[in-house]
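Enquirer: The lines below spell out each chain.
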Amino acid sequence: MTRYVMIADLRRCVGCQTCTAACKEANATPPGVQWRRVLDIEVGEYPNVNRIFVPTGCQHCADPPCMHVCPTTATGQRDDGIVTIDYDLCIGCAYCAVACPYEARFKVDTAEFAFGDEPSTVERAQFDERKVGVATKCTFCADRIDAGRAAGKTPGRDPEATPVCVNSCISGALVFGDIEDPDSTVARLLAENKSFRMHEEAGTSPGFYYLWDRGTL
Amino acid sequence: MGEPRAAAARKSVPTYCYNCVAGPDPMVVTVENGIATSIGPNHAAADVHPGLGRPCVKAYGLVQKTYNPHRVLYPMKRTNPKKGRDEDPGFVRISWDEAFEAIVSRLKNIRERGLIDEAGLPRVAATFGNGGTPRSYMGTFPAFLAAWGPIDFSFGSGQGVKCTHSEHLYGEFWHRAFTVSADTPLTRLIVSFGANVEVSGGVCAVRRHADARIRGIKRIHIEPHLSPTGACSAEWVPIKPKTDAAFMLAMIHVLLHELPRTALDLAFLRDRTSSPYLVGPDGYYLRDPASGKPLIFDEASGRTVAFDTAGAVPTLEGQYRIAEAVTHLPDGEVGEQRDVEAAPAFVALTEAMRSYTPEWASAVCDVAAATIRRVAHEYVDNACIGETIEVDGQTLPFRPVAVTLGKTVNNGWGAFECCWSRTVLATLVGALEVPGGTLGTTVRLNRGQDNRLVSVVPGDDGFMASSFNPTDRKNWMAKPSGRNAHRTLVPIVGNTAWSQALGPAHLSWMFMKESPPSWPKPSVPELWFAYRTNPSISFWHADRLSATMAQMPFIVAFAYTLDETNHMADILLPDATDLESTQVIPIGGTKFIEQFWEHKGIVVRQAAVEPQGEARDFTAIATELVQRLGLLDRYNAAINRGMFGGRHKTEKWDFSLAVDQAHDVDTIWDAVCKATTAELTDGKDIKDLAWLKEHGLFVVPFKRTDWYLYPSFVAQGLRFELPYQERLMRTGEELRRRLHEHGVHWWDDQLSEYQPLPEWHDVPGRWTRAVESMGGKPADYPLWAITTKTMTYSAGNNSGIPLMYEVGKNLRGLGNVIINANTGKRLGIASGDWVEVCSLIGATRGRAELVQGCHPDTVVIPGQNDHWKTPFAKDLNFPSLNTVVPLSLELTDATGSGADLVRVSVRKVDGPKARAVS
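Sequence order for the protein chains is A and B. Reminder that position 140 of the first sequence reads as 140 in the working numbering, one-by-one numbering, no gaps. Reminder that position 67 of the second sequence reads as 67 in the working numbering, one-by-one numbering, no gaps.
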């Protein structure tokens, strides 16, 4: 059984937001919608202060609360663990956005563009009306995974089958792969390092792990 | 793509990003139906690029940059002859032909009257921003500049005050280190004084430091605020601004006075530095009367001998009586020294550092003495004295410790002391230019920019040759050849292609407004080219600088959008931007910052999409200009000489361009590709432009041993010109004499920097005193204001791109004023409040962001964004340090640089200032 997960190695992340920008561009998300983003968190008191950069987004939970509250079954889950949204079924009620402990879902009610009311050339070419008035979120670039696999590529190893945020990550903090494959990089990293998952107490069993060797954040 | 879209004709186009000096980095552009839709890594380059073929966040802004509706897409001319911030330029669209004629008629007129004006200054000036990176986008325009003749490059857009200026000059002098890096792949301990590599070090640095953290490196980051680099370090040590030199002097004190001599690399000091040279009573080296060579005391023979005597074993310690010697004094004078006491330079160093205890430094830096002492101990403990490592089959010393310096630490007053201390700390443990240690990564003032080792040749006194501007009575250039007087005032900057731009870049602006006593006010250039530069925003005292700029009678701006600088222009020319035009540049080898590779070669930028509007490829613009000016032969000859890569004609190949013809863009770059790949492979593997466009880059192996100068020094028997600075002392005295002979006394304070060994001179106090000398009360400006970079913006070229703003806002501080939480509370300021930061020359406003990770005496204003014209950026209401930092001769150091900080007050206000402009 395959379960795709993502790892963010907090020892590596520098908060550069390259993943955020790459995701926005690849998925043509409108201003303010960031399926992938990196939080900038400060803890402690001067002069004993730590600052940590935490990539976040949809955690592709094994038990996703967003799916349970969806009244139309628009939110679903694939066999490989990826949590999906069917825009044709979504009615934009935003229950899922409220239910998500990770603030990973977005909904825009009107078309918005980077430079104002009018779309730029590239925005006009990429505009997808289906994404207005519905919930959207990180898809783990499921179409890349599927297309890559169809071409014989391995997600997490071959760029053609790997989410764009992972491909773009300049520090090597983001890693992707099948946690059930003991030979995958994600399985090896989790076996060899201390890790945690966000809001684990919520019982959602996220598919997003953080490597961190300095205790809790 | 992340989400399915309608099927489209899609292609991936390899190209490069060189948005900042830490590049270039390979990338690909996805083009769908002729429209660039996204940027991504060039995974095909992962095996050769230290950053695995991945560009940083800035590259992802290039799509919006291309389709920005605010672009200038047609040539335009000014219709309002009055210039100024409050004047509407009245730009109207014109044809390319009209634009060329307007420029060429001016240029022809200048050529007829002579390229140099009555004041001896070039009539044409040019400024290109962002650390020289515009050269990687301006096609063959450098060949146009070469074909033209003398041009004044001294109008700064930020160099000298925004760069690591002292490192550029002293670093290159001491170890061919225009930029300096730790040998990150091998080092174990980095003591970083504000070197914000996780933000401005580029993708090679980010990846290497991340890898290093995983393997267990320790980085101690010392900086007033908790930057991303501090965040990613093992330890952050807050320090008062401009006191870094005191911390480092105390580290040297610990090494010399508190630890046993076995903690030092005595062999390195003895054989590879000036440490054993005997210093006479007058402070100059004692020399052999016959040969003029510096003397050492030879342990083997028990007598003084010339430093290069075969079999001699120099001593580092002791006091010796010398019967007869000479000293080489300024202006060729010779000092007769008979029966004098002398000690090695190492002894002089030890004595000079005696008073700089950690306890002394603690009071200066606001850092505990125990912390300073511990850092010094950790430095020595990790230095691995005596260990070696095998690199490329050579056995080299392994010294995995490095001290790195950031901006503001590394420019303006105190920077000389910091650079010297950093480099001396490396020499004390033998960690200079060896595996694991402190490396230079490029040269700019010396020739050999693709391999700095070629500039390592023997000079005087056993040191590497370095070419200073002359200071002797006969050859000193009393009359400046450029408006910043770099050859007159700054001997160490030399006089090669980059020297003028690395001179005192703010003096040009200052002196055009008001020149000091006994100094003629420089003439205004008759024509000024400006490209990828916006000094009205990126330089200090922005209002005053804009007013000075408005005096320029004819400005040709290559314009992306309207902005605060081209607001003063007479002609706007739209050049094809990053994704729309073609160029080939060198890549790999050793370049800026942490771009040291195990490969070198060339990389292509190509037109992934058609230019928007009437924007033209820069090479086509340059060719048209030279054709109309009748300079084609000189232009083509410059290209053929190898200006953009390899020589076009050798005994083995000939890819010369016919000099009397105007060639199209691809023909020129095709010849460059062939010539450069021929030179890289000795003619064995020649690639044309079509091949480069398909593959993106071409590389050959680059020896890792060529990262280090040490093997070249050993092979040539050279010594690093450290720790003692006899040459600088002599040069400074000669410069003092020349200036005084010409009645110039306003540079006297700067002359104090020419010291054989640094002495602490209350560096931060200079800023307090500057408040007084400008008529203010220091108590009214109780805080420091400093700045910091954000990766999304780097030097500010992306300020009009919404994507950069959106993702940049995920990090703290962008567009805000960062204040220590307790300081904010004391001042009655809460996060989100509007605050005004006031210096003696002005005020800037932004929202307060209260944090714990900031020194209580310091506020931080990220970026340089006080825009009033640039579309999108002008509506953000960002604050800018540049609005409140004065252009100040008093705060200019001997290299002609200033530090990016100022004394300020902070108060809560109701909201932003109005920023109306016509």
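By construction, these hints were calculated from the structure, which means they are not laboratory data. A quick note: this is a predicted structure, and the numbers were derived from the prediction, not measured. Don't take every hint at face value.
In silico lysine-lysine, DSS-like type, Cα no more than 25 Å apart, as pairs [claimed, not checked]: (1) K11/B <-> K153/A; (2) K649/B <-> K684/B; (3) K218/B <-> K107/A; (4) K218/B <-> K194/A; (5) K218/B <-> K240/B; (6) K474/B <-> K513/B; (7) K83/B <-> K513/B; (8) K703/B <-> K825/B; (9) K108/B <-> K77/B.
Enquirer: Which numbered hints turn out to be false for this structure?
Expert: 3, 6 and 8
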